[in-house]
Amino acid sequence: MTTTGEDHTAALTGPLWWARWRSAAFDVGLAVLSAGECAAEGISFARDAGIPVAAGIVFGLVAGSVLVLRRRWPIAVVLVSIAVAPAQMGYLMGIVGLYTLAASELPRRIIGALAGMAMVGTLIVTFVRSHQDMADGSLKIGDWLVPVVAITTSLGVTAPPLLLGLYVGARRRLMESLRERAYSLERELQLLAERAEERAEWARNEERTRIAREMHDVVAHRVSLMVVHAAALQAIARKDPEKAVRNAALVGDMGRQALTELREMLGVLRSGEGLERRAQGVPLAAVGVAAAVAASRAAGGGDGVGEGPCLAELEELVGQSAAAGMVVALSVEGDVRLYGAEVEQTAFRVVQEALTNVHKHAAGAKTHVRLAHRGGEIAMQVENEPPPEPSSAASVRFPSGGNGLLGMKERVTALGGVFVSGPTEAGGFRVSAVIPT
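For the sequence shown, position 91 (counting from the first letter as 1) is numbered 90 according to numbering that gives the first Met the number 0, and the numbering increases by one without interruption.
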């Protein structure tokens with residue numbers, strides 16, 4: 000067990016039980032001083048005890064050199080200092096041993112017991128020695144002063160190193176605790192930074208997905224209608240010039256609307272409004288053209304062009320598809336009422352994307368759009384019959400990224416709704432969604 004007060008977290012690079020070579024050199028130096036002191040004091044001890052002086056010197060050297068073990072076995076050092084106290088030697092060993100013992104990680108009861116033994120031993124030795132000196136006349140003080148001298152000497156030898164060791168040990172433990180806490184905080188901050196980076200990457204991916212879906216919903220429908228009208232315009236340009244002019248006007252209007260919505264979407268990207276609302280927890284499906292309109296209006300664009308899509312515009316949406324040659328019917332069930340902007344925008348986008356898919360994949364097919372207002376939800380369904388034989392206007396090839404149905408499902412599920420799509424038994428296709436209000 001290491002009881003030195005060295006940094007336990009440092010790597011052991013010194014010899015034997017020492018953490019560092021510097022510590023080993025310091026302890027060896029102290030042991031040499033202690034051995035020299037005990038050897039010098041062993042001379043007088045040998046004369047008083049009537050033994051050879053060489054034996055006293057050897058005894059002192061052996062006893063004093065025990066101090067080299069203070070970091071490994073501080074208890075043994077203190078016990079040896081107590082044992083040689085009657086021979087009036089080992090003062091340096093006793094002081095350093097008590098300091099090392101008090102600064103160690105040993106239980107306080109053991110430290111207190113050994114410190115008490117050292118103090119009592121010093122008290123007794125000092126008291127007896129003072130009486131002997133008074134008896135032979137080498138010390139001339141009053142009898143009442145002997146206990147005072149014994150108590151003062153014992154406290155002076157034991158109390159300072161004990162208190163200093165307790166202070167150093169407590170400070171060392173505090174510093175180690177602070178270092179461990181700082182390390183744990185640093186590690187925690189590192190983990191938080193890694194998680195923040197992961198969340199930022201996830202947010203960037205989500206934002207890219209949202210922007211792609213919004214761009215798809217905003218532009219794809221109108222561009223699909225423009226393609227259909229352009230194909231029809233090419234077919235009837237020479238046969239019916241008046242109808243060709245009307246189709247050209249429709250293409251121009253749809254193009255301007257698509258550009259307006261696209262410009263508003265780009266305005267969201269520049270202003271960061273969409274990102275701010277995304278960071279505040281607004282569902283992805285709710286951040287779209289409405290945010291662009293809000294940003295546009297905040298910038299002073301209050302001309303009413305490009306208002307956020309809502310259910311009140313479904314009839315106009317169906318009319319645009321009808322103008323493009325689709326046979327489409329709209330039916331509404333239940334009492335019409337207003338819903339939250341997110342709900343109305345999502346419902347509108349679902350119908351819009353479903354009609355766009357009909358234009359792309361089932362041109363000319365008869366389509367039914369149903370909207371049902373219920374107690375706590377709104378349901379919509381877009382179902383088309385099998386397409387007829389392709390005509391010149393219906394044979395236009397539309398590029399498809401395959402993200403239309405996925406985008407609709409993401410929008411609906413983001414609001415806690417249910418989305419179902421698939422082919423019908425008659426050979427058509429059906430898109431159904433239910434959104435809680």
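It cannot be assumed that every hint is accurate.
[Unchecked claim] In silico EDC-like pairs for lysine to aspartate or glutamate, Cα to Cα no more than 16 Å straight-line: (1) Lys-359 with Glu-341; (2) Lys-365 with Glu-341; (3) Lys-365 with Asp-334; (4) Lys-359 with Glu-384; (5) Lys-408 with Glu-341.
These are computed hints drawn from the structure, not numbers from a lab.
From a predicted model like this one, the values you see are computed outputs, not experimental measurements.
Hint by hint, here is what the structure shows:
no. : hint                 : result
1   : Lys-359 with Glu-341 : 27 Å, violated
2   : Lys-365 with Glu-341 : 29 Å, violated
3   : Lys-365 with Asp-334 : 26 Å, violated
4   : Lys-359 with Glu-384 : 14 Å, holds
5   : Lys-408 with Glu-341 : 14 Å, holds
This entry does not satisfy hints 1, 2, 3, going by the numbered hints stated previously.
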